[in-house]
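Undergrad: Next come the chains, spelled out residue by residue.
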Amino acid sequence: MTDVLDVALRLLVVFAVFLVLPLVVGQTEHKVMAHMQGRLGPMYAGGFHGWAQLVADGVKFAQKEDVVPADADRRIFQLAPAIALLPYLIVLVAIPIGPSEGAVGQLVDAGIFFVLAVMGVGVLGSLMAGWASANKFSLLGGLRTAAQLLAYELPMLLAAASVAMAAGTVSLPGILNAFEWWWLPWQIVGALVFFVAGLAELQRPPFDMPVADSEIIFGAYTEYTGLRFALFLLAEYAGIVVLCGLTTVLFLGGWHGPWGADGLGWVWTLLKTGVLAFLVIWLRVSYPRLREDQLQKFSWTLLVPLALAQIALTGIVKVAIS
Amino acid sequence: MTLAAAAATAANAPLTAAANAPLAANAPQGFLSPTGVEIAFLLVGLVTLGSAIVTVTTKQLVHAALWLVATLGGLAVEYLLLTAEFIAWVQVLIYVGSVVVLLLFGLMLTRAPIGRSPDADSGNRPVALAVAVLAAGSLVWVVVDAFRTTWIDLDRAADEAQGSTAVTGKFLFRHWVLPFEALSVLLLAALVGAIVLSRRNARMTRLNDTPGDPRTPGDPRTPGDPRTPGDPRTPGATGTLGKPRPPGATRTSGDTRTSGNPRTNGAPSDAPSDKEQR
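Protein chains in written order, with the working numbering: chain A, 129 to 450; chain B, 8 to 285.
Next comes chain B alone, as it looks inside the complex (with noise of 0.2 Å):
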C-alpha cells in the first residue's frame, strides 16, 4: 500500500510537470523560453521522481524511509516553486517532521537491520505498480481536467498571491468549509477508534499479566544522572557492567539510587563523558 501511495505521489510529480509545458504554451510567456521557476520545477521534479523510485525500489528499510523524506522534501519545494508556501511548509511539519519520524520508530521497534533484508520484498510488485500506475494517471487527468489553461502569476507580492496563508485560509473556510469539517470529523474518529482498540489490548494484556512484568508502568526505575559534573558519586562505585539485571526484577521504590549503593548505577559513572571533560 506504502509503495503505490509513494510511487503514485512520485510519478504524480513530473507529470504535472510535464502536463505544465502545454499550459505554457497557450500563455504569453511562451513554450521555447521557460523562466528559470519552471526549469527549477523540472529539475526537482526529476529528483523528486528519482528518489521515490529508489524509495520503492531499495533493499534497505530504514534507508527506503529515509529516500522518503527526500522524496516529500522534494515535493515540499515544487509547493513552494508553485507559490503554496502555506502548504509547502506544512507538508514539512506533517509528513517530514511527524510521519516520518513515527515510520522510524515504528522500524527501530520492530526490525530494522543495517544492510539489506532480502525478504522485505513481496510477490506483489507488478500489482502494486499497475496500482501505483492508475492512481498517477487519474490524479494527472484530475489535475489537468481541472484547471486546463490556467497561469499561475509568480511573481505576485507575498501577501496576495495565490498560495499565501491569507488566501488560503479564506478559501477554506468559505469554500470548503464542509469538506473540511467531514475530515476532522474522520481524524476524530480514527483517533477514537485508535483508542478504544489500545484499551482492548490493554486490558487483555493485564488479563494475562504476570505481576512481575518488568515493563508495568510503576516500575520504580531510579531517575538517572542528571549530567551535573558536581556529581557526588563516589568513584569506586563499579561492579554494574558485569551484572546484568533479571528481567523480571521489580525493585522496591526504597532501593532508590544512593551513592553507597553501587548494584543500582546504571552505567560506570565514574567514566566521565566526553562532554563533561571539554
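Same shape as in the complex, but just chain A (with noise of 0.2 Å):
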C-alpha cells in the first residue's frame, strides 16, 4: 500500500511541476521581454506586476470557441496537441532534481536514451497538426519542423553520448553522482551543442522558422484556436523546462554546488535551470530569425563537427586518466 502511494505521491509531484514551472517560465519571459524592451509588460492581473496574467490568458483561451477547418483531417487535428503536450510530462518524470534516491519521479537506467527518445516524439506533434490542419502555411510550418528535427536530433544526441562518455553511464542520476567541478570546461563545446541543439528541437528564437509568424502565420498552428493552441503554447514552455533542467543535469552537475549540496541540491537544480530558462528567454529577444538553410548549414557544418570533437576529446581525456 506505501509503495501505491509512494508512487501515487511522485507522479502527482511530478505533475504540479509540469503544471506551475511551464507557467513561470512564460510569466518570466513576458516580464523580462518587456524590460529588455522598455516596456512594463502585463501589470493589471492579480495586483501584483500582473502575476496572474497567464492564468487570465487560460481563462481566456478556454472560453473560446474550438475551432477545427471543415476541410481538416479531424480527428488528427483534435489529437495533436495531446501528442505535442505529453511527452514533456513523461520526460519530466526521469529528471532528478537532489541527491537523494527519492529526488527523482522514476529511476530509469537508461536515462539519457528515455529522455531523448520520449522528447523526438514531441515533433510528431507538429508534424500531425502542419499535415491535418489542411493548410498550405501549415504544410509548410510542418515540413520545416521535420527538416529540422532531422538536422538537430544528430548533434543533441552525440553531445549526450559525450557526457555518457565522461560518466561511465546512461543514468541520469549516475551521471550527477559521477560528476566533477571540472567536467564543466572539459564539456563546454558539448553542453553548447546540446543547448543550441535543444533550442533548435523546441523551435524557440532564432531557430523559429516552422512558427515564423510574419512569414508562415504560426506555421503547423495556423488553424488552432482555443484550449487546443495553448496546449501547443503549454508545450513550448514546458519543453523549456525540460530542455534546461537536462542541460544542468546533464552539463552543469545539476544539485552539486560550491555549498549545501546535501540538503539544498534541488535549489541548486531550480537555480541552475532558472538560469538557463533566462537564457533561453534573453536569446529570443536579442538574435533574429535564422533562414531555413542558414539553420541548415549550422547544423550539418558546424554543430555536427563540434559534438564529434568534443566526443573524440571525452574519449582522449577518459584513457588518460584512467
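Careful: at least some of the hints might be erroneous.
DSS-like mimics (lysine-lysine), calculated; alpha carbons at most 27 Å apart, straight line [said to hold, decoys possible]:
1. K159(A) <-> K188(A)
2. K264(A) <-> K159(A)
3. K264(A) <-> K425(A)
4. K66(B) <-> K264(A)
5. K446(A) <-> K177(B)
6. K192(A) <-> K159(A)
Because the hints were derived from the structure by calculation, they are not lab data.
Work from the hints to combine the two standalone chains into their complex.
TA: Here's what the structure looks like:
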C-alpha cells in the first residue's frame, strides 16, 4: 500500500511541477522581454506586477471556440496538441533534482536514451498538426519542423553521448553522482551544442522558422484556436523547462554546488535551470530568425563537427586519466 | 516492401507471445496462472498486431505512417515488458523519433492528400502477404528454436536485468563485436553511397540550371521577423498579399527588408499574432 501511495505522490509532484514551472517561465518571459524592450509588460491581472496574467490567458483560451477547419482531418487535428504536450510530462518524470534516492520521479536505467527518445516524439505533434490542418502554411510549417528535427537530433545525441562516455553510465542520477567540477570546462563544447540543438528542436528563436509568424503565420498552429492552441504554447514552455533541466543535469552538475549539496541540492538544480531559462528568453529578444538554409548549414557544418570533436576529446581525456 | 516488413514485424509480436505460453508451461510459474506481465504482454501484442494490420490496409497514406508509430511504440512496450529496457528506448528513439519523421517528411514533400488515395494500392497484395507470412514464419521459427525453454526472470533488479544497458553493452562488445563492426561498415557504405548519389545529381542539375533558379541556396531571401512585439515596422505597410512574387525573381542582397519597403514584408505583419497578443 505504501508503494502505491509513494508512486502516486511522486506522480502528483511531477504533475504539479509540470503545471507550475512552464507558467513561471512564461510569465518570466513576459516580464523579461518587456523590460529588455523598455516596457513594463503585464501589470494589472492579479494586482502585483500582473502575476496572474497567464492564468487570465488560460481562462481566455478556455472560453474561445474550438474550431476545426472543414477540410481538416478531424481526429488527427484534435489529437495533435496532446501528442505535442504529453512527451514533456513523461520526460519530467526521469529528471533528478536532488542527491537522494527519492529526488527523482522514477529511476530509469537508460535515462539519457529515455529522455531524448521521448522528447523526439513531441515533434510528431507539430507534424500531425501541420498536415491535418489542410492549410498550405501549416504544411510548410510541418515540413520545416521535420527538416529541423532531422538536422538537430544528431548533434544533440552526440553531445549527450559525450557526457555518458565521461560518466561511464547512461543513467541520469548516475551521471550526477560521477560529476566533478572540472567536467564543466571539459564538456563545455558539448554543453553548448546540446543547448543550441535543444533550442532548435523546441523551435525557439532564433530557430523558429517552423512557426515564423511573419512568413508562414505560425506554421503548423495556424488553424488552432482556444484550448488546443494553448496546449501547443504550453508544450513550448514545458519544452524549455525540460531542456534547461536536462542541460543542468547533463552538463552543469545538477544538484552539485559550492555548498549545501546535502539538503539544498534541489535549490541548485532549480537555480541553474532558471538561469538557463532566462538565457533562452534573452536569446529570443536578442537574435533575429535564421533563414531555413542557414539553419541547416549551421547544424551540419558547425554543430555536428563540434559534437564529434567533443566526443574525441572526451575519449582522449577518459583514456588519459584512467 | 514496407508493407511486407510491417506485416512481418506485426505478425512476429503476438506469435512470440503465443510461443511464450508453452515456455511458461515448463517453468515453475505454471501455465494456468499467468502473471500480470504476461497478460499485459499479450494485450499489448494484440494492440500492436491490430495497428500493424491497419497500417498496411488503410487507404490514407499519412494515417498509415501514424499507425506505424503505434505499431513501433507497441513493440517498444513489448521490449520493456521483457526487461530489454535499452532496446526499448533505442526503438523509440530511432524508429518513432527519426524514421517515422523522415517518412512523414517524405510524404509531405511529395504527396499527402487528406482523405483516401485509392491509387495507393498495388496489385502485389497477395505476393506481399505471402512474403510477410514467410518472413514471420521464419522469424518465429528462429526465435523459438534459439530460446526453447529459456525463462526470463522478470523480477530481478534493474541493473542486473538481462536487458539493462550494462548487460547489453557487455554482450555487444564482448561476444558480438564482429557483427557490430560489420554493421557499422555497412552503414558507412550506405552513407557514402548516399553522398555520392546526391553529389552526382547536384552536378547534373547545375549543368541544366538556368541562372534564375529560385531554389539555389544563395538566394538572398530575407530573414524573418524575430517575433518581438516591439517590432518597429510601420503598421501601414500593406500590399503584400495581393502581390505574389514571381517564382524566378532573384532578389539582390541589397534588397533586404527595411521598414520603409513594404514590398518585402512577408505576411501582413501589422496583424499581431495570437501569441503576441496575450
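Undergrad: Each of the hints needs a verdict: does it hold here or not?
TA: These are the hints, each one checked on the structure:
no., hint, verdict
1, K159(A) <-> K188(A), "20 Å, holds"
2, K264(A) <-> K159(A), "34 Å, violated"
3, K264(A) <-> K425(A), "25 Å, holds"
4, K66(B) <-> K264(A), "22 Å, holds"
5, K446(A) <-> K177(B), "19 Å, holds"
6, K192(A) <-> K159(A), "25 Å, holds"
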